[in-house]
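In this text, residue positions in the sequence shown follow our numbering: the first is 35, and each later residue adds one.
A portion of the hints provided could be inaccurate.
[What the hints assert, rightly or not] Straight-line distance between alpha carbons at most 20 Å, and here's what the computed DMTMM-like set of lysine to aspartate or glutamate pairs gives:
no. : residue 1 : residue 2
1   : 193       : 133
2   : 284       : 88
3   : 284       : 274
4   : 169       : 226
5   : 284       : 295
6   : 146       : 251
7   : 284       : 304
8   : 146       : 264
9   : 284       : 251
10  : 143       : 188
Keep in mind that the hints were calculated from the coordinates and are not lab data.
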Amino acid sequence: MRNHALLIATAVIVLACDHREDRGVPAKTTTAAIASATVSTSHQGGYVVLPSFEPTALNPILRTTADIATPLIFEGLVGLDVRHEPSPRLATAWERSPDGRELTFHLRKDVKWHDDRPFTAADVLFTIEQVRTAKVLTAWRGYFAAVESVTAPDQHTVKVVYRQPYGPALAAWTIGIVPRHAFVDQDFRTSELNRAPIGTGPFRFVRWVQARSITLEANPTYWMGRPKLDRVEVTFLPLDQQLRALRDGKLDFAQITQPDDWGGEVQTPEFRSAYETAAVAASSFSVLAWNC
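Turn these sequences into a full structure, and let the hints guide you.
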């Protein structure tokens with residue numbers, strides 16, 4: 035674990051947040067709030083602008099970068115709370131067998147895809163089928179290597195059997211579930227849905243302007259309730275440009291990675307009076323690979 039200094043201009047949560055008033059400009063939001071610059075009463079409407087890496091595809095299975103948009107569109111059976119502990123998401127509950135080899139999920143019955151089709155266990159089976167097939171390149175395959183079988187006793191139950199007890203089983207099921215019906219008769223790897231996705235999350239896809247931004251809008255039928263924000267604008271901006279964009283009013287959140295910035299301007303009374311800051315712990319890893 036290492037500490038990353040984060041600077042946030044506006045508190046942003048899925049269901050309650052401070053926000054910009056609607057000025058006719060596309061908007062956006064992130065999955066969790068860290069801090070706020072201006073504390074005000076939460077109310078409906080408005081938008082936020084957040085920086086992100088540009089994804090290669092808006093598909094949680096094919097995802098190769100930690101963009102902001104994908105987790106706002108898609109959800110897993112399991113989520114992670116603020117302490118990184120497993121919490122219910124598309125599954126309301128789960129139980130393990132005494133020998134630790136079986137994991138049974140009970141799915142929510144009130145979830146709909148963004149095209150108004152019902153979410154069922156068939157979508158879960160389809161998602162894992164794509165992860166496990168050799169045709170699809172995904173970083174998730176290793177997390178499901180210990181799986182022996184995945185079955186659906188009924189539309190709202192998923193039973194997973196492992197070859198042996200698997201410690202990170204619940205964490206693996208944070209993978210976003212994709213809609214089976216939408217990918218019928220399509221190549222999963224090249225489908226247009228990878229650029230215009232259908233999910234179950236709190237925000238729906240609106241448009242993707244390559245090399246510029248992704249726009250999302252509130253999902254009015256979200257199972258947890260409609261988000262307070264109307265829209266979320268995800269702008270593709272390098273880390274070293276975020277602080278300036280925040281000062282210029284073009285962002286509502288900035289990640290500070292340079293020690294000179296964190297120890298300099300960010301610590302001044304003028305800056306602290308205008309923006310609230312926070313240091314958070316984030317997990318990361320590095321890979322060194324060779325072509326052989």
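Checklist line | Hint numbers not upheld by this structure, sorted from lowest to highest | finding: none
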